Amino acid sequence: MTTQNHPGTPVESGYVPVNGLEMYYEIHGSGRPLVLLHGNLSTIGTSFGKVLPKLASTRRIIAVEQQGHGHTADIDRPFSLEQWAQDTAALLGHLKIEQADFFGYSSGGAVALEIALRSPALVRKLVWAGGTSYRRDGLYPELLKASEAMKPEDLDGSPFQQEYASIAPHPENWHRLVAKIVDLDRATLGWPREAIASVKAPTLLIIGDSDIVRPEHVVEMFRLLGGGVVGDLVGLPRSQLAVLPGTTHMTLTDRAEWLASMITAFLDAPMPETT
Amino acid sequence: MANYVELNGIRTWYDEQGTGEPLILLHPGGVGVDSRAFEPNLPALAAHFHVFLPERRGHGHTPDADGPYSYELMAEDTIHFLEQVVGGPARVLGISDGAVVALLVAHKRPDLVQRLICAAGPFHRSGWVASAIEPGLETPEFLIISYGEVSPDGKEHYRVVQKKLDQMHALGPTLTKDDLKSIGCRTLVMVSDDDEVPLEHAVDFYRAVPDGELAVIPGTSHGLLVEKPDLCNKILVDFLTLDPIATFAPIRRA
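In order, the protein sequence lines correspond to chains A and B. Mapping to the working numbering: the first sequence position 257 is 257, numbers consecutive. Whatever position you read off the second sequence (first residue = 1), add 275 for the working numbering.
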């Protein structure tokens, strides 16, 4: 992280009881709802601090923190993307939000995709930025090795740990959080190609050109979502792909201006007619 | 300020805007396509750079000359432009055919290119979708009109230019991934997500250039610089003016 992340003061924040959790959320801005889902080990601030104020100038942002992350205390339950998708959907139900756009960073994008598959009516459009992939082998092999070998104390002093220390209800649980994330990574299998092809929501896939995912893999994923066709012949695809130059997984969220520009244009465009 | 200069025996038209270090913009190729293609990008680029917009033989205000075209010949003309008009190295941004010309200039004369942007152009002719370079297609009327507006050779000469461009596209470019290893400058490979250059070719291009960066612009086609000028200008200006940002967990550049 190059600078401190300040998402600004929310217009509303609080905790909602869902599935045994007291799940934290913040609301910023007003307009059409956009749900922000952070990455593993991260928080609203560390994932979205720079881009959130820009997005909140034209829409209503609902940002949540998943089980064991940020303000949301852990409970005795393993981490799972499916469970987080259900928690998020339940929280939105509690806030009486029937349909929203979703923007997930890193594994937050996987949660958003899981919501789109389980509750298609809830998801108008979907943006997944960073680590965007549908199979583990879409990631670089050296990254997979490094994440397998990660020890709970390896991230002591990192921006994530510092943020956790300042906002988590039990800062002493940091090592447990890292260990549970390593388990989650091991258990995450991805989705079959048919599942990706079945996503109805128009989807914007974003990676850095030096992200943890191989660009070849995200191009494959884009094609499964109907992209990579000659738009002049068959009509514009409902999905879009962005690659950010000179950008890694960690620095992707620093590209706030580029992200806000492309995400706003994608979300503002009219919904494609259903065929 | 527009001007003419005699280059390689051709009275070459060029425009200049802005102040600062030199930036050469190489327009797309084709009947009726010329430096006007950069209109949505010029204000942002000229705010930072001394921008040069040369028009290649048979394009825009620059007359055609006898003999066939080739990307190599266009690159030679551009090298003369850099030597005679700019007087030294520059940042070079080319789009479509202009990207190929820019790449060939950087390949032949690495001393003349400080930073390179290849937008919506391949390094090898197999990197065009077939429809992009299909010969003998009818030229759309609006492009013929555009050609006639500025060409000193008269509107009807477009047929000659079209034929020569078809021949050029049938033969080049023919660089290999191995050839790209010698591109020494920071290079941005930029395409749209619905381009005449397939995404897979753009990824190959990016991987083969030693100091390459890749940009894919969402929701745009081959006309990306015109279709999303604000986003593209931000990315172009950042690449041209800033050093690479510090990376936390590099893989490709580790």
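Since the hints were derived computationally from the structure, they do not count as laboratory data. Source: prediction; values computed, not measured. Some clues are possibly wrong.
[Stated by the list, open to error] Distance ranges between label pairs, derived from CB positions:
hint, chain 1, residue 1, chain 2, residue 2, range
1, B, Pro318, A, Arg32, 28 to 34 Å
2, B, Thr414, A, Glu148, 55 to 61 Å
3, B, Asp341, A, Pro270, 50 to 56 Å
4, B, Ser401, A, Glu194, 52 to 58 Å
5, B, Gly429, A, Gly31, 23 to 29 Å
6, B, Leu517, A, Arg135, 32 to 38 Å
7, A, Gly190, B, Gly363, 49 to 55 Å
Note that the Cβ used here is the ideal one computed from N, Cα and C, for glycine as well.
Starting from the hint list further up, note which numbers the structure goes against and sort them upward. Of the numbered hints given earlier, those the structure breaks are 4, 5, listed in rising order.
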